[in-house]
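Visitor: The lines below spell out each chain.
Number of protein chains: 2
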Amino acid sequence: MRVIERASEMQTLVLNYKKEGKIIGLVPTMGYLHAGHMALVKKARAMCDLVIVSIFVNPIQFGQGEDFDIYPRDLERDLKLLIDEEVDFVFHPAVGEMYPPGYSTYVEVEGEITSKMCGASRPGHFRGVTTVVSKLFHICLPDYAFFGQKDAQQVTIIEKMVRELNFPVKIVRVPIVREEDGLAMSSRNVYLNPQEREDALVLYRALKHAEKLIAEGERDVDFVKQEMEKVIKMVPYAVIDYIEIVRAEDLGALDKIEGQVLLALAVKIGKTRLIDNLLVEV
Amino acid sequence: MRVIERASEMQTLVLNYKKEGKIIGLVPTMGYLHAGHMALVKKARAMCDLVIVSIFVNPIQFGQGEDFDIYPRDLERDLKLLIDEEVDFVFHPAVGEMYPPGYSTYVEVEGEITSKMCGASRPGHFRGVTTVVSKLFHICLPDYAFFGQKDAQQVTIIEKMVRELNFPVKIVRVPIVREEDGLAMSSRNVYLNPQEREDALVLYRALKHAEKLIAEGERDVDFVKQEMEKVIKMVPYAVIDYIEIVRAEDLGALDKIEGQVLLALAVKIGKTRLIDNLLVEV
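Chains as they are written, first to last, in the numbering used here: chain A, 1 to 282; chain B, 1 to 282.
Please note: incorrect hints may appear among the correct ones.
If several chains are the same, the list does not tell them apart, and a pair holds so long as it fits within one copy or across any two.
[Claimed, not checked] The calculated lysine-lysine pairs, modelled on DSS-like cross-linking and capped at a C-alpha distance of 25 Å, are:
1) K230 - K116
2) K170 - K208
3) K256 - K208
4) K116 - K22
5) K116 - K80
6) K208 - K18
7) K271 - K225
8) K170 - K22
9) K19 - K170
10) K271 - K170
11) K18 - K170
12) K170 - K256
These are calculated hints, taken from the structure and not from any lab test.
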């Protein structure tokens, strides 16, 4: 496994592999890898000749006052995990390599899909995501790129970007990986103290409660959202950012629960903002 | 020569040629081809194994009240000209193929480079250009893309976009082609009546006058701009949009005339907005 820090070197390497007809897989990450990331890597390893994992904590997707500076990093541990999965290249650029002085080019998906849910509480976040993903796609030129269903809004936006800008890349969605007790894997889980770690289960509990109601025949969006809210409020200090029930395909609003439906929520447990979601087919 | 209307078909074709190691050249145009375009095509033909010319009048780079609807089109004539130059593919998509319903993804270079000069009088114009060029780059996957120096601001912006988004594309600038009397070739010249056609020479005359002053040692930006203005005002009904003397590399402001300098102007002759420019090395 080789670690590459320069965009031009990474691109030149990949162009040569492509000339040989190799199928390239890219797993974009911000590092501090957990079992959720590793599921993406394993999927890429199974599907592609050459697997590139990018590790880059992308400053432009963090807002003012968010956790860019303290976002957990452990490159050495990450590299060991990736060697074990027989990854070929790690692309690990410095911030100045990705955004040199005077940088001013951005890729943006406009509209409700980026302005609601996480977009409402994190303005500019998805513009930062679509910009860095565009850059990574041009640098690594993947045939397949792997994203986790954990960030459901993110992957839906990236799919729209790929379709609308005609990127020659296929997006592969990989299901959420959970701890044994149901907490969705996240690098930010490390912020939780033991009490918060236990209370964080309330997100998954709210989703499973909603899933059960829907399985029992409930179709009223607002009612199910209220029921989810009740579950969250069993942790008195939890602060709900949003609870949404939307069309999975484009995150559009629903009159009633039918078709492929995404249940999604963001909740602050102490200082840590957690997200989770569940897909339901009605 | 084949004419392709579907983005997916074009992309699939190109991916196959790339597997064979072919070097791809793209000449993006809005059609109604003139000798300026043909200089780009000839350059592409000389440098590449496979030459693609795109013909697409891009609605999102036209503002409200601009000439999108009446922009001159003559596909049949264009195709004949391109056959003569042994072009391999013409990519000629419909508007709905490029921008299907619900389309909302844009690529934007922000800052003075896009907000001054043509960007000031045509807000959103360059966002439309960088978006369509990004799409064309992904659809046609060129190794080289050819742009005319006539649209100096456009090609400077595209170079910045390519650099900052890490597109694996090399931009080739091709010098302005002029009529015998000096008028820069433009599809919009067809709008000019005989009197306007004669008066349109004032743009080139102003540029040549400035070039002469600089050759004689003049270094004062404002003085040279005033001198250019005097030349334009010899056509009393001409309306100056802008006259600029800027750093060629990034269109940045200059304290004095030195280095690689771009003299650029936009002037309305009757209803027709014309642009022209000249590079000067001091």
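Visitor: At most 25 Å between C-alpha atoms: does K208 with K18 qualify within a copy, between copies, both, or neither?
Guide: neither (44 Å within a copy, 48 Å between copies)
Visitor: For the identical chains here, do K19 and K170 meet the 25 Å Cα criterion within one copy, between copies, both, or neither?
Guide: So K19 and K170 pass the 25 Å test inside a copy (19 Å) and across (18 Å) alike.
Visitor: When no copy is specified for K116 and K80, does a C-alpha distance of 25 Å or less occur within a copy, between copies, both, or neither?
Guide: Classified as neither: same-chain Cα gap 38 Å, cross-chain 50 Å, threshold 25 Å.
Visitor: When no copy is named, should K170 and K208 be tagged within, between, both, or neither for a Cα gap of at most 25 Å?
Guide: neither (31 Å within a copy, 52 Å between copies)
Visitor: My question is about K116 and K22: at a cut-off of 25 Å on alpha-carbon distance, are they close within one copy, between copies, both, or neither?
Guide: neither (39 Å within a copy, 44 Å between copies)
Visitor: When no copy is specified for K230 and K116, does a C-alpha distance of 25 Å or less occur within a copy, between copies, both, or neither?
Guide: within (22 Å within a copy, 54 Å between copies)
Visitor: My question is about K271 and K170: at a cut-off of 25 Å on alpha-carbon distance, are they close within one copy, between copies, both, or neither?
Guide: Cα proximity of K271 and K170: none, with 36 Å in one copy and 47 Å across.
Visitor: Using 25 Å as the alpha-carbon threshold, which applies to K170 and K22: within, between, both, or neither?
Guide: both (15 Å within a copy, 23 Å between copies)
Visitor: Have a look at K18 and K170 and pick one of within, between, both or neither, based on CA distance no larger than 25 Å.
Guide: both (16 Å within a copy, 18 Å between copies)
Visitor: Within a copy, between copies, both or neither: which one fits K170 and K256 at a CA-CA cutoff of 25 Å?
Guide: Answer is neither; intra-copy 31 Å and inter-copy 51 Å both fail.
Visitor: Under a CA distance limit of 25 Å, which applies to K271 and K225: within one copy, between copies, both, or neither?
Guide: Within one copy only: 23 Å inside a chain, 58 Å across chains, cut-off 25 Å.
Visitor: Given a CA cutoff of 25 Å, do K256 and K208 count as a within-copy pair, a between-copy pair, both, or neither?
Guide: within (18 Å within a copy, 69 Å between copies)
This entry does not satisfy hints 2, 4, 5, 6, 10 and 12, going by the numbered hints stated previously.
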